[in-house]
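Engineer: Position chain L against the provided structure of chain E, taking the given hints into account.
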Amino acid sequence: GENVEQHPSTLSVQEGDSAVIKCTYSDSASNYFPWYKQELGKRPQLIIDIRSNVGEKKDQRIAVTLNKTAKHFSLHITETQPEDSAVYFCASAGSGNTGKLIFGQGTTLQVKP
Amino acid sequence: GAVVSQHPSWVICKSGTSVKIECRSLDFQATTMFWYRQFPKQSLMLMATSNEGSKATYEQGVEKDKFLINHASLTLSTLTVTSAHPEDSSFYICSARGPGSGNTIYFGEGSWLTVV
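Which chain is which? The protein sequence lines are E and L, in order.
Just so you know, the numbering used here puts 51 at position 51 of the first sequence, and the rest follows in order with no gaps.
For the numbering used here, count along the second sequence from 1 and bump the result up by 113.
For reference, chain E alone in the conformation it holds in the complex:
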């Protein structure tokens, strides 16, 4: 079945440094790749997404890159701040525009002041 692998499971960085989280997906027909930030006990919040016809997308301190050939996509956070500390999930949605998301395992990001 469809599978999304996410690494690392935990990431600790110093405030101001960059953080990179990587995901790979198994379904070559996947065409939508969102990233979510989740704080404890709350709903996932969409922070950025990318579609398969684009290789890179940036929104202020956050960027996502997609390599369709290798079936990899990555989240880049620059100039990290303590409030960036949370659990981040990548996800992929298959073809057919069903909206069905398969999530990665999550990365706990800790930004130390």
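These aren't lab readings, by the way, just hints derived from the structure by calculation.
Hints are all accurate, no fakes.
EDC-like, lysine to aspartate or glutamate: derived pairs with alpha carbons at most 20 Å apart:
(1) E/K100 with L/E165
(2) L/K154 with E/D84
(3) E/K100 with L/E222
Structural biologist: Frame of chain E; chain L shown alone:
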């Protein structure tokens, strides 16, 4: 953005009883809703896809007779956990999409279920 609301936010029930969780799209018609379960410190696991007016499609390993899903209207889907057991204790989250949401997926606030 569009709003998806879940109720209740948290519920405690006795083992063997059933509990119903509601997921509502407040400002758009949700043709499709999804139900996820999330155990502490784990990822969101898709349980089922709910399409308005038809039977839900369950993911492999999810018992459809235990987790009853009803999507009778374009703004409401319900998840009923039947004969709940302590191992069913989890965070249940719905998401919804539809033409009115731009086909973007919106998540509900989630519902904490504790079975004692």
